[in-house]
Amino acid sequence: MNENLAVIYQSFPYLIRGVIITVGLVMGALGFGFVIGTPMAVGQVYGNKYISGIISFYVWFFRGLPVLVLLFLFYFGLFSLLGFNLSAFTAAILVLGLRSAAYQSQIFRGSIQSLNEGQMLAARSIGMTKVEAIWNIILPQALRISIPGWSNEYAILLKDSAITYAVGVMEILTRANFVATRTYRPMPIFLTCAVIFIILTYGGVKLLDLLENKVKIPGYGEER
Amino acid sequence: MKENKKIVLRVEDIHKSYGKEKILKGVSFQIKKGETKVIIGPSGSGKSTLLRCINQLTIPDQGKIFLENEEVTRHKKEINQFRQKMGMVFQDFNLFDHLTALKNVEIGLIKVKKMDKKEAKEKAMEELKQVGLEKQANLYPAQLSGGQKQRVSIARALAMDPKVILFDEPTSALDPELIGEVLEVIKNLAMGGMTMVVVTHEMGFARSVANEIIFMEDGMIKDQGTPYKMFNNPEHERTRKFLYKITELYGKSEE
Numbered sequence: 178m179n180e181n182l183a184v185i186y187q188s189f190p191y192l193i194r195g196v197i198i199t200v201g202l203v204m205g206a207l208g209f210g211f212v213i214g215t216p217m218a219v220g221q222v223y224g225n226k227y228i229s230g231i232i233s234f235y236v237w238f239f240r241g242l243p244v245l246v247l248l249f250l251f252y253f254g255l256f257s258l259l260g261f262n263l264s265a266f267t268a269a270i271l272v273l274g275l276r277s278a279a280y281q282s283q284i285f286r287g288s289i290q291s292l293n294e295g296q297m298l299a300a301r302s303i304g305m306t307k308v309e310a311i312w313n314i315i316l317p318q319a320l321r322i323s324i325p326g327w328s329n330e331y332a333i334l335l336k337d338s339a340i341t342y343a344v345g346v347m348e349i350l351t352r353a354n355f356v357a358t359r360t361y362r363p364m365p366i367f368l369t370c371a372v373i374f375i376i377l378t379y380g381g382v383k384l385l386d387l388l389e390n391k392v393k394i395p396g397y398g399e400e401r
Numbered sequence: 116m117k118e119n120k121k122i123v124l125r126v127e128d129i130h131k132s133y134g135k136e137k138i139l140k141g142v143s144f145q146i147k148k149g150e151t152k153v154i155i156g157p158s159g160s161g162k163s164t165l166l167r168c169i170n171q172l173t174i175p176d177q178g179k180i181f182l183e184n185e186e187v188t189r190h191k192k193e194i195n196q197f198r199q200k201m202g203m204v205f206q207d208f209n210l211f212d213h214l215t216a217l218k219n220v221e222i223g224l225i226k227v228k229k230m231d232k233k234e235a236k237e238k239a240m241e242e243l244k245q246v247g248l249e250k251q252a253n254l255y256p257a258q259l260s261g262g263q264k265q266r267v268s269i270a271r272a273l274a275m276d277p278k279v280i281l282f283d284e285p286t287s288a289l290d291p292e293l294i295g296e297v298l299e300v301i302k303n304l305a306m307g308g309m310t311m312v313v314v315t316h317e318m319g320f321a322r323s324v325a326n327e328i329i330f331m332e333d334g335m336i337k338d339q340g341t342p343y344k345m346f347n348n349p350e351h352e353r354t355r356k357f358l359y360k361i362t363e364l365y366g367k368s369e370e
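As you go down the protein sequences, you meet chains A and B in turn. For the first sequence, the numbering used here gives the first residue as 178, with consecutive numbering after it. For the second sequence, the numbering used here gives the first residue as 116, with consecutive numbering after it.
Bear in mind the hints are in silico, worked out from the structure with no lab data behind them. Here the structure is a predicted model, which means the values were calculated and not measured. We treat Cβ as the ideally placed atom computed from N, Cα and C, and that holds for glycine. Treat each hint with caution, since some may be false.
According to the in silico footprint, chain A covers these stretches of chain B (three or more CB under 8 angstroms from chain A) [stated by the list, open to error]:
(1) 200–207
(2) 214–227
(3) 252–258
(4) 295–306
Calculated cross-link-like contacts (lysine-lysine; reagent style DSSO-like; alpha-carbon spacing at most 30 angstroms) [unchecked claim]:
(5) B:Lys356 <-> B:Lys200
(6) A:Lys391 <-> B:Lys229
(7) A:Lys393 <-> B:Lys200
(8) B:Lys179 <-> B:Lys121
(9) A:Lys391 <-> B:Lys226
Work out the full structure: start from the sequences and follow the hints.
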């Protein structure tokens with residue numbers, strides 16, 4: 178038992194550096210997905226049939242394939258084909274981000290569509306353009322409503338990030354695996370790895386809960 | 116004397132269909148500065164669609180709208196400029212839920228009129244005062260009663276200094292005891308010389324405020340005239356029946 182603890186203790190700094198990679202990867206992918214996913218949601222709701230058609234196709238593609246297939250397809254296939262010389266880390270952010278955009282766009286789309294259409298009409302009636310109305314009226318509300326769904330996306334993406342092990346990103350699981358093969362003590366190492374993931378998941382979700390409460394619209398959804 | 120006043124809004128032969136269903140079959144009327152026109156009629160007669168065609172929230176299939184002699188229907192690109200000058204008050208208030216009462220009134224001034232923030236706040240506060248809600252300025256829509264919400268939405272329309280305000284059944288979604296406060300505000304606007312088109316079922320209100328009542332049915336204007344004429348001596352039997360029924364239903368409050 179003591180030897181197990183010693184292995185954990187010794188490898189801990191090494192694993193923690195993996196946490197930085199994992200967190201960076203998840204933040205990068207979530208951020209990238211957010212930046213693409215939001216306009217996609219807007220395009221799907223307010224765009225013409227061509228725009229919403231293209232977006233639907235995008236969503237269909239990225240939701241339809243296993244994340245590992247996407248990762249191989251882009252990292253070994255498309256990116257090298259296009260002559261991009263990307264590190265595994267950057268490629269992983271791009272692929273996870275592109276995929277997350279598909280999911281996030283659907284979270285935001287649902288939120289936008291749950292707002293009553295009347296607010297859009299009211300915004301137009303005081304002379305706002307469609308873009309101004311979306312930016313000033315629709316998105317601030319839709320994004321608030323999206324936080325619980327988005328929190329879910331964070332938890333899923335965090336756990337999916339472990340799959341970048343397959344292309345050699347030096348994240349938590351990759352490192353845990355190295356240590357386990359070197360020390361022949363998989364159990365304590367993978368347990369540590371599991372605990373780290375649980376803390377990251379819980380911590381992130383908790384932070385988003387705090388955010389949700391902070392930006393909550395007073396009186397909204399309360400009994401009066 | 117009224118004959119000399121200038122025409123603020125002219126509606127010419129508006130047609131609108133959704134698919135095969137003809138909602139509006141050629142509606143024309145005009146309204147002079149400071150007048151209040153009340154549009155009545157059974158549901159489905161095209162009253163709301165007509166209002167939306169006026170500020171182009173719904174694009175009419177045919178016909179023209181003029182705002183102070185400028186054709187609204189021909190200037191597709193400038194429509195946002197025209198809409199600023201035509202306030203609209205909706206049945207369901209349609210306040211911006213994430214903004215306080217004050218910000219609801221302010222936002223058009225800041226984002227559309229590009230007014231200085233401090234100036235916008237002062238003006239918004241003034242408008243809220245006019246509808247008796249300066250104390251509620253920092254409350255959110257979900258913290259306001261229906262009547263208060265509707266008054267905020269009137270203040271929001273007023274803040275843009277419109278040439279005309281279109282009211283789409285402003286009291287239909289309200290509890291009976293809250294109707295009075297909203298009608299009071301609209302009445303005060305009428306007395307203050309605001310030009311207004313009001314779709315409503317409140318006959319007492321129509322009687323006391325309207326310069327003219329327009330009776331619509333089947334997408335057409337069937338009858339129109341002063342409240343006195345409409346209530347006592349309408350041209351059509353149908354108008355009399357409708358007025359009788361609606362007065363029964365909604366009572367003669369606000370006389």
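Going through the hints against the structure:
no., hint, verdict
1, 200–207, "holds (count 5)"
2, 214–227, "holds (count 4)"
3, 252–258, "holds (count 5)"
4, 295–306, "violated (count 0)"
5, B:Lys356 <-> B:Lys200, "36 angstroms, violated"
6, A:Lys391 <-> B:Lys229, "29 angstroms, holds"
7, A:Lys393 <-> B:Lys200, "33 angstroms, violated"
8, B:Lys179 <-> B:Lys121, "18 angstroms, holds"
9, A:Lys391 <-> B:Lys226, "25 angstroms, holds"
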